[in-house]
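Visitor: Each chain, written out:
2 protein chains.
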Amino acid sequence: MAQLLNGKLLASQRAAKLKEEVNKLKQQGIKPTLCVINIGNDPGSKIYLKTKKRRAAELGITQKLYQLPAEVDQANVVKLIDQLNADKSINALMIQLPVPHQLNLNEALGRIIPEKDVDCLSPSNVGRLWRGDHFVEPATAHGILALLDHYDLDLHGKNVVIIGRSSIVGKPLAALLLERDATVSILHSKTRNLGEYTKNADILVSAAGQPGLVKAGMVKQGAVVVDVGINRVHGQTVGDVDFADVAQRASYITPVPGGVGPLTVEALMEQVVGLTRRQNGR
Amino acid sequence: MAQLLNGKLLASQRAAKLKEEVNKLKQQGIKPTLCVINIGNDPGSKIYLKTKKRRAAELGITQKLYQLPAEVDQANVVKLIDQLNADKSINALMIQLPVPHQLNLNEALGRIIPEKDVDCLSPSNVGRLWRGDHFVEPATAHGILALLDHYDLDLHGKNVVIIGRSSIVGKPLAALLLERDATVSILHSKTRNLGEYTKNADILVSAAGQPGLVKAGMVKQGAVVVDVGINRVHGQTVGDVDFADVAQRASYITPVPGGVGPLTVEALMEQVVGLTRRQNGR
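If you read the protein sequences in the order shown, they are chains A and B. At position 144 of the first sequence (counting the first as 1) the number is 144 in full-length UniProt numbering, and the numbers step up by one without a gap. At position 109 of the second sequence (counting the first as 1) the number is 109 in full-length UniProt numbering, and the numbers step up by one without a gap.
The reader is advised that the hints may include incorrect statements.
To be verified - Short derived list, chain A residues pointing at chain B, Cβ under 7 Å:
1) Gly127
2) Arg131
3) His134
4) Arg165
5) Val184
6) Leu187
7) Lys190
Calculated directly from the structure, the hints in this document are not laboratory data. Cβ coordinates follow ideal geometry from the N, Cα and C atoms, glycine included.
Input sequences plus hints: build the corresponding full structure.
Guide: Okay, here's the thing in structure tokens:
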């Protein structure tokens, strides 16, 4: 039976340290502030926003929410971003995803100044990630590495397979893993025979958002399995991995919930504090 | 015996078309101009510079060379870049690699304005490549895709293995291939058992710069093999692939010389013309 990679516990340990940092900044008159733009009424987004708000409050980070209607046009989104870019009281700015289809998301993300781009989705921050001179790190990828490091799981020369090529998880995670000398394969919805790749993986990361995708037969004996999926099935939150079966083969595995999720929120708050420090020369 | 992927022939066909484009621009008073900064006296660079100069001349593209001494300091490199950024007669600007170790290459590359960054090495252009809204495409990766497309070699869902994780070839090629729905694995010097990955590759790209690296036993029967290596061995130019043996197993293979090399230079000139067009609203 695999050992659990307890993301929830690690997140709370890191949160305790981060809270101290936030307190010290506040004693210097600096209030780390995250601003989230939410557009429309995606039900998943509501849950994430609530989690972020609670976590920010616990840490003493100010969170502001700008809610825009689903039918907002691009010009008004850009106008709001420009206004928040210029607002000195805001240290970190992000757009909650997904956004309605009429909007040009890439243009909007590129409008956020790199100094406040906490999600690492603006062109220059994405580029800096791939060039190895990181300005910020995307929260999920950062959280996964923190988790693997916490359990002393070596990446050097390891066969790491990522299922999912999103700009939020799969691609930036590949960048960070390559930098840590892992051999990286990126699989996705058009990949034929996922199992042909996953069965050789020393470390398998699933970020597909598809419950039941990863079955025990696809996993190498003794592999490390990281489940980034957050799916609602019959009122329950489950990952991409058939947990009960895969846990019999893996050496380490993240639970869902309680694995990558809490670390993602924690890592986001760490990035908020990092941006705040930099803006204040601390 | 594999069919040759004749990069030299394709490059000359594309050059004929490009020359017409350059002529039309010149009739409108627009002279596409590439400026190369070369620092020090790397012998490999000398060969590349000569090839570029000749190809540019054939196409009617102006090439300017700024030669800096090996011991130049960062401030003087930055000063030159700023000056060339501001020079309206220059459409495309690049730094010939490698550069001496005392220089901060990332900072210098980031100083080139994206509008003139013909090598796609500035942060925002790298980021745009990974986000799928390309401004320019790195020449080698662009050339390889052009070659595969020319021979109607499908990428969708294919197992593509890249040996090499450089910012110039391996990483940008991975970005372009993912966008084309290939499954992509990135191998490098720290990868254990290269053959475990390469023997399953439908398309194998070697950009390691290591003669004799890819042997027939590492290649799947019927695979497409693309050799990006340009190595000098006993006065001869050879790639990374054991050509004679691998050609017995592959369905398609690039020769070295005459494969990827000529297309890289051609693709660079295409990017020069593309940037020139954009700067002139054409």
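Visitor: Against each hint, give a clear statement of whether it holds in the structure.
Guide: Each hint tested on the structure:
no. : hint   : result
1   : Gly127 : holds (3 Å)
2   : Arg131 : holds (6 Å)
3   : His134 : violated (11 Å)
4   : Arg165 : holds (5 Å)
5   : Val184 : holds (5 Å)
6   : Leu187 : holds (6 Å)
7   : Lys190 : holds (4 Å)
Taken one by one, the earlier hints fail for this structure only at number 3.
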